[in-house]
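Engineer: Start from the sequences and build out the full structure, keeping to the hints where you can.
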Amino acid sequence: MKTILKKAVIPAIALSMVFIVPARAVEPPASGQAEAQQRQTPSREMAFQIPMNSYCSAENSLDFSFQLSNAADTAADLTVRFYNLDGTAFNAEGSSYREIQSSIVPGTAFRLKANATGTYHINFGNHKSCSERVYLGKITVNSGQASLLARGWVNANGTNGANGIVEQVTVNDNKAFHLATPPAGAGLGEP
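Start counting the sequence shown at 0; every next residue gets the next number (numbering that gives the first Met the number 0).
Just so you know, these hints were derived from the structure itself, not from any lab.
One or more hints might be untrue.
As the list claims (entries may be wrong) - Heads up, simulated PhoX-like pairs for lysine-lysine below, C-alpha to C-alpha not over 25 Å straight-line:
hint, residue 1, residue 2
1, K137, K112
2, K174, K137
3, K127, K137
4, K174, K112
Structural biologist: Below, the structure written as structure tokens:
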């Protein structure tokens with residue numbers, strides 16, 4: 000009986016010891032470290048919506064105004080792009096009047112000086128047709144890094160030029176954001 004007991008109890012005790020020994024942590028593979036580093040690297044691009052789904056005609060035009068500020072003490076190489084409802088690029092130069100400025104040309108790379116602000120303004124319904132309205136914007140850093148602030152508005156003008164509803168264009172909750180080109184050899188494609 001003792002022999003049978005020894006044959007059954009000793010393996011059971013040994014087996015239970017396996018479950019008591021704590022597991023050892025394993026380092027993530029090198030690819031996991033690369034993915035973690037990519038998450039810490041700033042994005043190259045910031046996308047934002049433009050609230051243009053509103054009545055639009057010559058009598059009820061929509062003014063779109065946008066400003067982009069460089070919050071860094073160094074210049075930034077950037078491109079601002081706007082897209083129509085169907086996703087096609089909108090590259091029309093903006094208009095300047097009554098002290099509303101327009102220095103950014105969509106789809107064209109430009110250098111924004113340290114602590115400077117670039118602006119864009121256009122009217123849909125009078126200056127451009129309502130079918131050309133833009134719904135999406137993207138800010139891309141072309142080289143190096145950038146620390147930026149951006150915002151804008153869409154003004155739905157009422158009949159006879161009376162001011163209507165103003166919708167805010169919010170980029171990153173109106174907080175500064177950082178963009179950077181990927182390091183050489185990162186394998187990321189162009190925007």
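Engineer: Take the hints in turn and mark each one as holding or not.
Structural biologist: Here is what the structure says about each hint:
1. Distance restraint check for K137 and K112: the Cα-Cα separation of roughly 19 Å lies within the 25 Å cut-off, and the hinted pair is therefore satisfied.
2. Annotation: proposed proximity of K174 to K137 holds, straight-line Cα distance about 16 Å (limit 25 Å).
3. A threshold of 25 Å between alpha carbons decides the hint, and for K127 with K137 the separation of about 20 Å falls inside it, so the pair holds.
4. For the given pair, K174 sits about 19 Å from K112 by alpha-carbon distance, which is consistent with the 25 Å threshold.
Of the numbered hints stated above, none is contradicted by the structure.
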